[in-house]
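Following the hints, complete the assembly by docking chains B and C onto the known chain A.
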Amino acid sequence: MNASTPSEPTSRRAFLRHGARLLGMTALGALGGALAGRSRSEGWVWQIDPAKCLHCGNCATECVLEQSAVKCVHAFALCGYCNLCTGYFEPEPNALTTAAENQLCPTGAIQRTFIEDPYYEYTIDEELCIGCAKCVEGCSRFGNGSLFLQIRHDRCVNCNECAIARTCPGDAFRRVPASRPYLLKTSHAQ
Amino acid sequence: MVSTLCLFALGGESPAEQRFPPPDFTETGHQLPVTTTPPPRALWVHYLDVAVLAGALALALWLIYKKRSRRGLFWLSIFSVAWFGFWKKGCVCAIGAPQNVAYALFHPEYAVPLTVVAFFALPLIVALFAGRAFCAAVCPHGALQDLVLVKPVKVPAWLEHALGVLPFVFLGFGLSFAATGSGFPVCRYDPIVPIFRLNGPSLMVALGVLTLLLGLWVGRPYCRFACPYGALLRLAALVSRWRVRVTPDSCTQCRLCENACPFGAMREPSPGVASPPFVRGDRRRLAALLGLLPVLVAAGALIGHRLGPAVAKLDPTVALAERFLQQQQSPVDHGLMTPEALSLQRAERDPKGLLQAAAEMRGRFVLACALFGGWVGLVLGVKLVSLSVHVRRADFEPDRGACFACARCFRSCPQELVRLGLMPAAEAPRPASEPQAVNA
Amino acid sequence: MTMLTAMPQPAPGTPTEQKSQPARSSGGSPRPLVKAWLWTACIAAAFCLLVSGTMLYFHFTALEHDPWQSPRLLELKAQLRASPNDENLKLEIRRLDLEFRQRYRRRLVLDRTGGWLLIGGLAVLVAAARQAAKLRTPPPMPRPDPMAELRARREAARARRAAAAVGGVVFAGLTTLALTARSPLPHSATEIEKLLAGSGAEATASDALPWETFRWQWPRFRGPDGSGVSAFTNVPLTWDAASGANLLWKTPVPAPGHGSPVVWSNRVFLSGGDAARREVFCFDATSGALLWRRAVENVPGSPAVQPEIPEMTGFASPTVACDGRRVFALFANGDLAAFTLDGAPVWAKNLGVPKNAYGHAASPVVWPGRLIVQLDQDEGAPGGSKLLAFDPASGRLLWEARKPTHSSWATPIVVEAAGRPQVITLAVPLVMSHAPEDGRELWRADLLGGEVTPSPVFAAGLVLAVNPSTELIALRPDGAGDVTRSHVVWRAPDNAPDVTSPVSNGELAFTVTSGGLLTCFEARDGQKLWEAPLEIEVQASPAIVGGKLFVPGLKGEAVVVEAARAFKELARSRLADEFLASPAFADGRMFLRGQTNLWCVGQPRSD
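Protein chains in written order, with our numbering: chain A, 1 to 190; chain B, 1 to 440; chain C, 1 to 607.
Think of the hints as simulated: they come from the structure by calculation, not from any bench.
Don't be surprised by glycine CBs; every beta carbon is placed ideally from N, CA and C.
Be aware that one or more of the hints could be misleading.
[What the hints assert, rightly or not] To give a feel for the contact side, a few chain B residues facing chain C, derived at Cβ under 8 Å: (1) LEU114; (2) VAL165; (3) ARG255; (4) GLN345; (5) ALA359.
Just chain A, same shape as in the assembly (with noise of 0.2 Å):
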């Protein structure tokens, strides 16, 4: 071990790392290629499969945005646009009108409006909705199921980790492609 030269050292140290630096730009190229087959440049986003949530409310309080990226969206097709909506009136309503007292929607979210005797129809404000999945619970218990949960992809932040699907009870979050980003009910077979 001769150090009295002080060149020697620097190149011989130079040399290891250049070595190291060839080494990692190898592991570099070597996972470059065991993920070129799996890798695409689709991205993706979260969603919430109706099928398998059970509209336990964890939505409207463990997204990070202080206004949840869930909304309620509603699949006309399937609505009964009854009178006595389940979604829309508290358990045994004390008169069917649009008073508080009879709502369920914890911030007047849903708009119910006359289309023909006997058929209303109800839309979501999505400004005001929370995502707090009491309509869908009433909507499918005793209804069509035609309300549902959705994350809205023009609020959500899509985290790498979504932090609702942690705490989701039916496990019904997943990932989808970005490209068929919602997973909508079409048909009651769902």
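This is chains B and C only, laid out in the frame that chain A set:
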């Protein structure tokens, strides 16, 4: 309440069925509204992010190596904080990306998006060639902490070295956890992202505020003592082709740069040859530590192996299975319609499937934790060994791995000031001894 | 704002020429400027504190005013449900609802603007503080360090110790975590396999008695394997209520029920009850004394209002079962309860009220380490009918097998057949076999119709199943999957019973109809050997004891015939009672549950 319960009981079995046929609106001809589906971020937006990342990296390199401008990096930091931080709300980010890669490696069904691969690889490639330019001003986490640094306090070198182990531990934890497919703990326990989002889990918001407050005095606390991606970049930067140099010309060993670095990355010159009385002791210690290395790895792997079931509790499936089994032994009333009760109901529907899934997941955790434990042992051993090896240094120079390339030291150097014409050459300090050549 | 570029760095002297530098620094940067920056920083800090304080206050008081989970609003809504016409209440709800929603919206706006205000305040604070710090910090005055090498060595040694300490702490933390973590999920893969296979009764394996001990007891409906054949031979053929000959004791049955007695050692168990009260009874087999009676009540999940169960079936039609450690009773409302042999309650649960037009009647049965309940119900709606296995010690559900079958009143048998234990169940339309260990289905045969009440028996290597009022069917139990076409050995269409179960001594098989028509078949091939009208009504199932066939009549007249290739009536005895329950046997004794009394027939011991 009673009536509610009755109704619930009635509704019980099949939650979705067509109880009320949809009307056809023959009278009014009412058209059904369409359920809107606002699209997620378009693909080109993701590519734009990658382009911005690449551009910012290139700009950072230019500012560090060519322009040697702290001011430029400062404004780039502000841009990065604004763009990747507050605008993109912290996702997508390079710090979390290694987990996606680990997850993709072990789960063929997960096609990792190219954006994520780019965020993972670009800063690493840059670090392999030119050091941690990403940390300097591109990473919003680092940039934000750099911006809030007011009055740097020098962390003692021994503490710096000791705590420097933690990012590697966190890296190992994050990667092994992600490899099991259970989740991404690095993202979950990220204190800075809640700041960018102005919201988040209370614990993480509090941690983020604490990190920033600490960051007023301690330079980049998260980067130095926690950031797992920083650990990766550190490794890459250790072998980088080019490096940040304090002075473009020759070092006069005036020690001014030592003070300029708020991150404790400046290393002083060292003769490299120990005085004879120390040599034997040094060699013996090095040999002992090299011998200890495999022991540490084995011990770590052993502990990690036993650790598996404990860590597996963090997995929702395992947690549910355990709660289910506990519930069987000593029932707890969780109340009606609570998430706990609902998940237990789900468990009861298919206990076999759940237990099998939980068992499989825990098996993965046992393996991953054994690897993690071995990694911790390795990190510790290598750290001890590296602290026992003499590195010969002729000049004051930033440590390749620890340097964030923030460019603060440049203008602390009188030689640089002379070069820029900000100081007459006559006023610059001259080396007491013979000026030492700089290896280019 | 930039650190070092804002103004030229004051040229520091070389380390060798020391001068008093601080004066220069303060002279270079006027104090008022420092003060101004400091004041700015202070004001910004105060602003930040104010904003964050307000945000925190609203954050912590949010729950109360949250329209979603405000307890007050929920309470008012509940009140309104109680008094639906209270107009004031409605107005109050509307007022609160509006207030809370407005508050919520305000909080959202406040949070968002507050966040940005905080960021802005922090930016000003940091910028001002940086300026102040920069102006106040004296330029560095490094000195040469002659002891650099020694210092570096010390530093390295300290760093090694510190790194070792950090490593030690990490390792210690991980070890503690590893050692203290407890998980109910078993550790080894094999244990998990066992738990999945249902032998989570491993913990109770020492507790479960082996099958051999069952053989000499009468632990369930129709004896150890449900065949109605006693291992003892010494039961008297005649008895007489009037003279008391061969009648050891009788004791009043405390509650109505059609379940048969069950005997373990010197204890006889019965269940009884109605909509008001359901009980388990234990009698001394020697004296007939009631040792204990326990009501099955406060069962978690039991219906608050008892279901309507037809009188003819009642709540206590299922026979109790005993595994030598505990006795288990199932009632028509779905309550399943376990008591120790001394009457201490062990566990109880409700299986859900079985949907059954006549009321549930199939009895629970025991197998070492298993309590098996056949819960066929309704018209075979998906998820309705199932076969359940519980851990006898804890009541924990070990497995559950879904069955596509209708209501059934037949009790399953658990037998060692074709070299494997099998649970054989009858329910329209299937004869099914499941493994008692894990509930996996072994085979099925689509053979049954009507209302299946006769239970199956296993004899001569064949499963004998009655298709009520239609035929007696024999199947080989060694199949897999659907064996309807492949494993039926014979069918005997003559005199098929509708209520009572068949019985066989291994060579011959006997059936008796409700009208008392006794028929004898060759067990091997189903050939009818003889038939004889006994001229009694029969609801209970016949039994074979020591080569004699006991047929208990409904009205109290029991007939004993030779279990042989030719019909030979041996005896007829009468008791003043009605017998719907099948007899139970012990060493030298027979127990008969009448509607009013529990009777014990046997020869008084001479010793």
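So, going through the hints one by one against the coordinates:
no.: 1; hint: LEU114; in the structure: violated, 32 Å
no.: 2; hint: VAL165; in the structure: holds, 5 Å
no.: 3; hint: ARG255; in the structure: holds, 3 Å
no.: 4; hint: GLN345; in the structure: violated, 13 Å
no.: 5; hint: ALA359; in the structure: holds, 4 Å
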